[in-house]
Amino acid sequence: MSLKIDQDHSRFRSIVRGKIRENLKKYISSGELIGKQGKELVSIPIPQIDIPHFVFGDKQQGGTGQGSGNVGDAMSPGQPGDEEGEGGKKAGEGEGKHGLEVDVTLDELAAILGEELELPDIEDKGKSKIISAKDRYTGVRKVGPESLKHFRRTYREALKRQISTGSYAPSDPMVVPIREDRRYRSWKTEAEPVANAVIIYMMDVSGSMGDEQKEIVRIESFWIDTWLRKQYRGLEARYIIHDAVAREVDRDTFFHTRESGGTMISSAYKLCAQLIDTHYPADEWNIYPFHFSDGDNWSMDDTLLCAQVLREQLLPKANMFAYGQVESPYGSGQFIKDLREHFGADERVVLSEIRDKDAIVQSIKEFLGKGK
Amino acid sequence: MSEFALKTALPAYLRSEQERIERIAKDHGLDFFPIVFEILSYDQMNEIAAYEGFPNRYPHWRYGMEYERLSKSYEYGLSKIYEMVINNNPSYAYLLEGNSLVDQKLVMAHVCGHVDFFKNNFTFRATDLDQSGSRSDPVNRPKDYNPNRRWIDKMANHGARVRKHAGRYGITKIEEFIDQCLSLENLIDPHAAFSGKRHGQFGPREDDSSGDLATATREVPRLRSKDYMESFINPVEFLDRQRARMDREQEKSKNFPEHPERDVLRFLLDNAPLDRWEHDILEVIREEALYFTPQRQTKIMNEGWATYWHSKLMTEKILDPSEIIDFAENASSVLRSSGGRLNPYKLGYELFRNIEERWDKGQFGKEWEECDDLAEKKNWNRRSGLGRAKIFEVRALYNDITFLDEFITPEFCIEQKLFSFAWSSRNDRFEIESREFRQVKQKLLFGLINGGQPYIYVLNANYDNRGELYLKHEHQGMDLRIDYAREVLKALHRVWKRPVNLETVLENKPAVMRFDGKDHSESKGKAA
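Sequence order for the protein chains is A and B.
Start counting the first sequence at 1; every next residue gets the next number (my numbering).
Start counting the second sequence at 1001; every next residue gets the next number (my numbering).
I should point out that these hints are in silico values taken from the structure, not numbers from a laboratory.
For clarity, every value in this text was computed on a predicted model and none was experimentally measured.
Among the clues, some could well be false.
Said to hold, decoys possible - Derived Cβ-Cβ restraints for the label pairs, each shown as a range:
#: 1; chain 1: B; residue 1: Arg-1020; chain 2: A; residue 2: Arg-141; range: 43 to 49 Å
#: 2; chain 1: B; residue 1: Asn-1157; chain 2: A; residue 2: Thr-165; range: 50 to 56 Å
#: 3; chain 1: B; residue 1: Ser-1521; chain 2: A; residue 2: Gln-362; range: 33 to 39 Å
#: 4; chain 1: B; residue 1: Arg-1168; chain 2: A; residue 2: Arg-340; range: 57 to 63 Å
#: 5; chain 1: A; residue 1: Glu-180; chain 2: B; residue 2: Arg-1168; range: 43 to 49 Å
#: 6; chain 1: A; residue 1: Arg-141; chain 2: B; residue 2: Asp-1043; range: 34 to 40 Å
#: 7; chain 1: A; residue 1: Thr-105; chain 2: B; residue 2: Ser-1521; range: 43 to 49 Å
#: 8; chain 1: B; residue 1: Ser-1016; chain 2: A; residue 2: Asn-70; range: 49 to 55 Å
#: 9; chain 1: B; residue 1: Arg-1438; chain 2: A; residue 2: Asn-70; range: 17 to 23 Å
#: 10; chain 1: B; residue 1: Lys-1417; chain 2: A; residue 2: Lys-357; range: 23 to 29 Å
#: 11; chain 1: A; residue 1: Glu-115; chain 2: B; residue 2: Asp-1516; range: 32 to 38 Å
#: 12; chain 1: B; residue 1: Ala-1328; chain 2: A; residue 2: Thr-253; range: 51 to 57 Å
#: 13; chain 1: B; residue 1: Asn-1157; chain 2: A; residue 2: Arg-251; range: 36 to 42 Å
Stated by the list, open to error - One-sided excerpt, in silico: chain B residues whose CB lies under 8 Å from chain A:
#: 14; residue: Glu-1068
#: 15; residue: Arg-1341
#: 16; residue: Ala-1375
#: 17; residue: Ser-1384
#: 18; residue: Lys-1417
#: 19; residue: Asn-1450
#: 20; residue: Pro-1454
#: 21; residue: Lys-1472
#: 22; residue: Tyr-1484
Where a beta carbon is used, it is the ideal one built from N, C-alpha and C, also for glycine.
Pulled out of the complex, with its shape left as it was, chain A reads as follows (with noise of 0.2 Å):
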């Protein structure tokens, strides 16, 4: 049912909108929407837009209250209103301003990001023009194979025809269809060019990798996910995590593992490239392998190992390659100078240093900015 207000609700949505677009950026570097994510939907807490008056500033202010307690205890914070019975008055007057929660769906979220930090779509490579045929029940139609019957319909025309011709009987409620009362599903055939994408996620765990690294990771790769899945339906991802050996993980192990010792990035590289060879076949994938470590790497043999797996396995294959570095108190940084060294000139190698959790957004956009 439509109501009067659903104008009024579709303009204060569009305000709202705005709002998250504002503070977009403080809800990607602050990772709470990870843990609020439902199914399709989060939560996002904005703030309740107020009309601004001539009021008193809350803190001189005070006020009268009922019940026990001493003087000098603590009020509690303020409740929502409540609100039964409200006698036609402005509901909720004063006190306890309430918080208000949008729903939004990750796909519009992932508009809302791609607007805001001007994300190009990405262009299909063109190598999965995989095109699948769908067959979609679009109507129904009067003729039909018997095991298509939709036995609803029929059921309603026929009980239409009785009606009308005067033959139902409320008191003996038979309903018997004719050849006439017969429908059955119709479908069309879709030709879905499906494009499809893994993500592969690597990571190190080394002991210098510390938890607010990890956290950095967490919400970069959130983001990445959001904006690829609105991307590609049925976005895969896999996870793999190496210290001085590489190994694949599940996503929770991903993000909560911490080992411990040395780092050797090329057995992350190696397995990486045999994952793509085994699942991934480079013609129907388009592949994004997303590295993030705090750029130690054990010697430099290891590093032109790395490059060389890079040159020769992986860049073939993959739209691009990403490489985020994070800033570690014990790292020492060096491995992306030496890809900078390595890959500067090649568009495919996008390389971001994420120093803390406000370069997010910005490392967001050096990885996906290309369109790649």
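Please arrange chain B on chain A, whose structure you already have, making use of the hints.
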């Protein structure tokens, strides 16, 4: 009125309940406008509640915001709206579909209380639409008092007016202007309807505040002369001419407005250079603000009165014995005070009961006031039996401020565990400040005076002889919230279209806040 897609008329069994409850209410002396109950689904209820009870308002996003909040609260089971009733003649009240019969009966009884209050409390006279300017004494109302309060139609007309402008200028432009006007909506004189002042009594005038000549002596200057030449050098005609000239000058140099103007919105409507559509919208905002004023002035009384009557009627007459538990549960949720907050339902209800008891026992008057013997006071009972008559009188002649000011006693304060709280900057939190009667009462009243809002006056509409608006905040110990005040100055500038100034006090120092169209500034010290 019934513009809803669904049928909203009451089903027969509720209609018969309504008739029964109204009959019982009338037997107890309640006197209300005809009441039309409608039954709504929860989303219709939320919609109407978002529109503050009216089926049709002017378009604005904040109703959408309120709707979203109400729908969410309902969906999450945080709260639901049981009833709503609007001050209209006939009064419309809404029941929520699917509520239990006990709840519906309770709401009906509650609504009878509200509508009786709308009809009889003097503050609501301000919402009578056939104002001829003169007001009858609230006590000696005509017996068949039947004022025109067709606010549903008026609000719908407001909607049509605003929509017409929106059609012409675009909703965005209109809505932006409404936002600005809403920032000013509390700058009205809540007692305007009773002030006897008619609007439009001052029109724009040439104003010249160049000098303090206004206060100059009325002595007409004479040319120097010897005594015997006086009548030749300063003839009477000359002196008259001089006097006339001085009068003219004085008239010219008078401040505009002559007296500080409380009704800032009225002043702006009369004097700001507004386009027609702007004028129209500002007028709508002001009228609606005035409509809601009596409800703000009597929230505690109004809810207390309705609660008093629903519990009395329900428990004494209406309820079936099998329903008493359900009723008790509901009643306790209406009257609970959670987290130390003051619940207006409870406060008003308890105070009405307290008044009734005192007047029944004769606990009033000189003798009672002067009695110092606590034991005697406690057992004081003169069997006066005036309680019922007294509360009916109180509901007609008081508003929240006078109600609390006159009837709250130290005993009541203790019995109800009232306290005042204040911000403790040492502990960074609100703390219970006092349970002392005087202090509690003072805080309580302070929160109600002028609706708990600052007093703002227009002092000068031609400040500095540059057509700037100069307002004054009458500081009574509390500073304004600065970020909001800046926004309001912006809104004022949007309407006045010239720089605006506000004299106030910030952190114990006099200050003038100013917005010149581009920048905000705050200067210390008085500028005027």
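Structure-based check of each hint:
no., hint, verdict
1, B:Arg-1020 - A:Arg-141: 43 to 49 Å, "violated, 57 Å"
2, B:Asn-1157 - A:Thr-165: 50 to 56 Å, "holds, 51 Å"
3, B:Ser-1521 - A:Gln-362: 33 to 39 Å, "holds, 35 Å"
4, B:Arg-1168 - A:Arg-340: 57 to 63 Å, "holds, 59 Å"
5, A:Glu-180 - B:Arg-1168: 43 to 49 Å, "violated, 54 Å"
6, A:Arg-141 - B:Asp-1043: 34 to 40 Å, "holds, 36 Å"
7, A:Thr-105 - B:Ser-1521: 43 to 49 Å, "holds, 44 Å"
8, B:Ser-1016 - A:Asn-70: 49 to 55 Å, "holds, 52 Å"
9, B:Arg-1438 - A:Asn-70: 17 to 23 Å, "holds, 19 Å"
10, B:Lys-1417 - A:Lys-357: 23 to 29 Å, "violated, 47 Å"
11, A:Glu-115 - B:Asp-1516: 32 to 38 Å, "holds, 34 Å"
12, B:Ala-1328 - A:Thr-253: 51 to 57 Å, "holds, 55 Å"
13, B:Asn-1157 - A:Arg-251: 36 to 42 Å, "violated, 59 Å"
14, Glu-1068, "holds, 6 Å"
15, Arg-1341, "holds, 6 Å"
16, Ala-1375, "violated, 26 Å"
17, Ser-1384, "violated, 29 Å"
18, Lys-1417, "holds, 6 Å"
19, Asn-1450, "violated, 11 Å"
20, Pro-1454, "holds, 5 Å"
21, Lys-1472, "violated, 12 Å"
22, Tyr-1484, "holds, 4 Å"
Checked against the numbered hints above, the structure breaks hints 1, 5, 10, 13, 16, 17, 19 and 21 and satisfies the rest.
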